[in-house]
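**Q** Starting from the known structure of chain D, fit chain A onto it as the hints suggest.
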Amino acid sequence: MGEVRARPDPQTTTPAEWRGYLYLRRNTAGWTTESWYHRMGCRRYLVLERDTTTNEARLPASPGRGREP
Amino acid sequence: MSMRLGPQPGEVIDRRAEFTFSWNGRPSPAYPGDTIASALASCGVRVFSRSFKYHRPRGLLTASFIDPGCMVQVGDEPNVRGAHRLVAPGMEVRSQDAWPALSLDVKAVNELARRALPAGFYYKTFMSPSWLWPAYERVLERFAHGGVVGGVESERDGPARYDKRHAHPDVLVAGGGPAGMAAAVAAAGAGASVMLVEEEHQLGGHLRWGGKPDLVALHELRELVESTPGIEVLTDSVVLGRYDGNWVSVLQRGLPHVDERLVKARAKSLVVAAGLIERPYVFAGNDVPGVMLSTAVRRLVNLHAVKPGHRAVVLTSNADGDAAAEDLDRVGVEVVHVEDARRGGDVVRVRGRGQVREVELGDGRKVPCDLVVTATGWTAAVSLLTMAGNRPRYDATAARFRTDPTMLPADVLATGGVVGDGTCEELAAHGAATGEEAARRAAKDAAVGAAVSPLSVEPHPEIFRGCTHGIVDFSEDVSSKDLFTAVEEGYRSAELAKRYTTATMGPAQGKLETVNVVAIVAEATGQTIAETGTTTWRPPYAPVTLGALAGRPREPRRLSPMASWHERHGAVPLLASAWIRPDHYGDPAGEAAAVRDGVGVIDVTPIGKLDLRGPDVARLLNLVYVNKWSKLEVGRVRYGVMCGDDGVVIDDGVTGRLGDEHYLMSTTSSGAAAVWEWLESWLQTERPHWQVHVTPVTTAYASINLAGPRSRELLQRVVEDIDVDADAFPYMHVRTGRLAGVDGCVLWRIGFTGELSFELHVPAGYGLHVWETLLERGGDLGVRAFGVEAQRILRLEKGHLIVGQDTDGLTKAQGAALDGLVKLDKEDFAGLPELVWQEDLPDGARLVGLRTTSPSLVPAEGSQLLDAAGLICGRITSSRLSPALGRSVCLAQVDLSVAEPGRELTVRLVDGGAATAVVTDQLAQVDPEGVRLRG
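Chains as they are written, first to last, in this note's numbering: chain D, 1 to 69; chain A, 1001 to 1935.
Hints should not be assumed to be uniformly reliable.
Unchecked claim - DEER-style ranges, computed between Cβ atoms:
| no. | chain 1 | residue 1 | chain 2 | residue 2 | range |
| --- | --- | --- | --- | --- | --- |
| 1 | A | G1935 | D | P15 | 41 to 49 Å |
| 2 | D | C42 | A | V1931 | 46 to 54 Å |
| 3 | A | G1912 | D | C42 | 51 to 59 Å |
As the list claims (entries may be wrong) - Facing chain D, a subset of chain A residues (Cβ under 8 Å, in silico):
| no. | residue |
| --- | --- |
| 4 | D1244 |
| 5 | D1645 |
| 6 | D1646 |
| 7 | E1677 |
| 8 | E1680 |
| 9 | S1681 |
| 10 | T1685 |
| 11 | E1686 |
| 12 | D1828 |
| 13 | L1832 |
| 14 | P1833 |
| 15 | W1837 |
| 16 | Q1864 |
As the list claims (entries may be wrong) - Here are some, though not all, of the chain D residues that point toward chain A, as calculated from beta-carbon distances under 10 Å:
| no. | residue |
| --- | --- |
| 17 | M1 |
| 18 | V4 |
| 19 | P8 |
| 20 | T13 |
| 21 | T14 |
| 22 | P15 |
| 23 | W18 |
| 24 | R26 |
| 25 | R43 |
| 26 | Y45 |
| 27 | L48 |
Since the hints were derived computationally from the structure, they do not count as laboratory data.
Bear in mind the structure is a predicted one, so any value in this text is a computation, not a measurement.
Built from N, CA and C at the ideal position, the CB exists for glycine as well.
The following block holds chain D by itself, in its conformation from the complex (with noise of 0.2 Å):
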């Protein structure tokens, strides 16, 4: 689903701030945390990490799960 991206406070956003969580991308060449979607399986969302230059993809850091940098 693309770039994870915080969604920002609807009661005291601006134009600029709500537009740029609608539409601008960081797009890094390297790794990036991704929302996906498994449409054809199980209908979960889960995050992942993504190397967009080499196509690796990892899970996310979180506390107790180990993880080369």
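**A** Chain A alone, transformed into the frame defined by chain D:
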């Protein structure tokens, strides 16, 4: 005159079974194993086609799949590679692109006009005056390349058939030459499951046209492949591309019952053994029929026992060129002269119109002959390696672009000619070592990089272009002069020169041309070849039909439980997403009238339905709908509209509360899946702490809409335990209970059609029963089935919008006349900020009703609307003739500035004419107060 030789040791033809096929209408003999080109060549045919731009006669150049001179029409199949396709008895073969006849080509006048048609001429000529474009188009069409699709009788039994297959080999070997075969055998010996893919009709690669020792080695390797378990061999098959994680697509051709099969393989290890492709030499007259590569000669002589000519001159710079001269000599071709480029020899020019007559050598001598053979170098077929991310580098000593095998991903290996040279034993040994390593990596026995000791590369002189200008891209008719011109005009890189001249963009896609292009661009710019670099190989490696990509026709259809009834009663089908719906039963206007006057039933099963349960459902509804849901009581139903976070309307529907923590949501039929995903995305990502279970029940319920002033009467005859009186079951309420003996039905009272109506959701298995019961029991009420078209007319009369028809990808809630529904004082909902800003700074179009001045005019949907100044200010989104009013009714999206009741607009009609229309004061034009709904 027959050019067929006596039996050759390595020949692939079967002389016992001669048959005939036809070439341009005339019968021609052939043997099984002959290609179209070899069969024709055996009869002395030398000209097979005309070139693309200059329409010069063309003969065989490579005698392989990529031969540019040999594309022919077979039956109704155009662009068949004649030097690869095997002939079959009765096959009808015709030449292409040679109007009116191959021998006399009027278009060869192009040749005389060559000065007006240099490279890039499309950018310079046929430009002005622009009023001549239709004429230019007709002329250019006649000159367009290619064969004919359809209209010619096919000798095949039925329509083309295509297929797909999934495979999971441990090791996939691309290329069945000595290294590839050895790799396959070794990998299988190490316990891997192997798929060996070979482009040609037999395994063996260059061994097949080699000398005696090569044929012995060929036989041994073939025996090994056959006797080693675990190797699946696909011949006449080609690897189209390598994608991430060794996802490899393979096109399998020549199967008896399938025209092409696409094999989608996920290989643990990929071994690329694609070998070498011989390069043409660039000099004046290098495209005259009778000029061919050394491999073409060796294929014709050794595989097909065909004499390529009578008097030959050979330009050689390597052992294969030498061997070609020996083969010719052996079969009785007079090898008049061998010009050795290693000792400074050169060929300057070939003369001859439809055929080689004479060749001028480097020292000025002119030698009469009918066959000129060149052997000037090899290009490694590195495509798959490039697709795996490797950039080949130029090696000037070997005159070849090479891959560094240590720079490949761990799951890709390379062996054979594509990475080096050697004797057959050396290639096979390298192949075996590579195959073993591939098997090891597939089994994950070794971590990355047990390196196989590399093959050496033989030095080779750099011979690309002589001292004259010749054709570089035979398919696109691009000469070296054109490349020089391109560089002069500023297109100084290989990529730019390629795009400007179209060199490498023909059917061979650069396999024959790229290195020569790079060398000539380097020459013209004064840089080295290494500095000029090379273009990028992209999939597909070989041509693939759309049929193969599509596979077997598989169009899933969704049918409602009442589908059989609709079919039996003459319903005209409407395809809506994957659903087959009844559009009407022969009289949509009559069906609509029946609803307004009496009662009608419509099958609305495709409506999306979602069962929502949990303590937080109301919060979810508040979040996804623009209106408020906290106070919706049990037994009530409400209309809601959903917007995306950009404020654009994405769906609408009604949702009813069946219990404290139990709701049923309906959506548009095309939005059913998308809305489910939308709800899940909020629940799983933004509000994971909310407790809501969403279950899609679209197909679990058959849905029937019962509409019309007499609908309550009919419902009373079917309902068993629900009180459906006007007071007991008011407008926008929901009830559950038993209908016609079926428990668990949901009924709600809504009004899309604007009449008193009830939507019944029946457990799907009983849908047909309830439908038939309604029709049976309503006979005296005049009950009639109505279809989607009638429903569209009815809803349009009431001004009810259809999301996606009356709104588009930019329409925000206010643009759909839903201002009243939007509750901006809610704390949060999808799209809130954008809708707030719309209130402050409105922009965009608005949905309005439109009445044409002429009542009988029903303008086409999509017709443009113009304002007083004649500028486009909107379009008609829905338009029908209303049976109730006897006039047309329309909805339109128009600019804010003209969206006022009473404003007159001009409708631009489809035939170019104009009509006037007036914006109405309400969207609904029938019963605007909604009296009938609430009855």
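**Q** Would you mind marking each hint as holding or not holding in the structure?
**A** Going through the hints against the structure:
1. Remark: the range hint 41 to 49 Å for G1935 (chain A) to P15 (chain D) is upheld by a beta-carbon distance near 46 Å.
2. Range check, C42 (chain D) to V1931 (chain A): Cβ separation about 50 Å, and the 46 to 54 Å hint holds.
3. The hint said 51 to 59 Å for the Cβ distance between G1912 (chain A) and C42 (chain D), and at roughly 55 Å that hint holds.
4. Interface restraint check: D1244 (chain A) against chain D, minimum CB-CB distance 5 Å, threshold 8 Å, status holds.
5. For D1645 (chain A), the interface hint holds, the least distance from its beta-carbon to any beta-carbon of chain D being 6 Å, beneath 8 Å.
6. Taking 8 Å as the C-beta contact cut-off toward chain D, the hint placing D1646 (chain A) at the interface holds, the least distance being around 5 Å.
7. Hint status for E1677 (chain A) relative to chain D: holds, with the closest Cβ pair at about 7 Å, below 8 Å.
8. A distance limit of 8 Å between C-beta atoms decides the matter here; for E1680 (chain A) the minimum to chain D is near 7 Å, and the interface restraint holds.
9. For S1681 (chain A), the suggested interface contact is upheld, since its CB lies about 6 Å from the closest CB of chain D, less than 8 Å.
10. The restraint placing T1685 (chain A) at the interface with chain D holds, with a minimum CB-CB distance near 5 Å, inside the 8 Å limit.
11. Given hint, E1686 (chain A) at the interface with chain D, holds; its Cβ is 6 Å from that chain's nearest Cβ, closer than 8 Å.
12. At about 5 Å, the closest approach between the beta carbon of D1828 (chain A) and any beta carbon in chain D falls short of 8 Å, and the interface hint on this residue holds.
13. For L1832 (chain A), the interface hint holds, the least distance from its beta-carbon to any beta-carbon of chain D being 5 Å, beneath 8 Å.
14. Checking P1833 (chain A) against chain D: minimum C-beta separation of about 5 Å stays under 8 Å; hint holds.
15. Evaluation of the W1837 (chain A) hint against chain D yields a held restraint, the C-beta minimum of about 6 Å falling below 8 Å.
16. A distance limit of 8 Å between C-beta atoms decides the matter here; for Q1864 (chain A) the minimum to chain D is near 29 Å, and the interface restraint is violated.
17. The beta carbon of M1 (chain D) comes within 8 Å of a beta carbon in chain A, closer than 10 Å, and the hint placing it at the interface holds.
18. This hint holds: V4 (chain D) has a C-beta 9 Å from the nearest C-beta of chain A, less than the 10 Å allowed.
19. Hint status for P8 (chain D): holds, given a least beta-carbon distance of 8 Å to chain A, under 10 Å.
20. Interface hint at T13 (chain D): satisfied, since its Cβ lies 5 Å from the closest Cβ of chain A, which is below the 10 Å cut-off.
21. A hinted interface residue such as T14 (chain D) counts as satisfied when its beta carbon comes closer than 10 Å to some beta carbon of chain A; here the least separation is about 9 Å, so the hint holds.
22. Interface restraint check: P15 (chain D) against chain A, minimum CB-CB distance 6 Å, threshold 10 Å, status holds.
23. The criterion of a C-beta within 10 Å of any C-beta in chain A is met by W18 (chain D), whose closest approach is roughly 5 Å, and the hint holds.
24. Given hint, R26 (chain D) at the interface with chain A, is violated; its Cβ is 18 Å from that chain's nearest Cβ, farther than 10 Å.
25. Here the hint on R43 (chain D) is kept, as its CB sits about 7 Å from the closest CB of chain A, short of 10 Å.
26. Because the closest C-beta pair between Y45 (chain D) and chain A is about 4 Å apart, less than 10 Å, the hint holds.
27. About 13 Å separates the beta-carbon of L48 (chain D) from the nearest beta-carbon of chain A, more than 10 Å, and the hint is not met.
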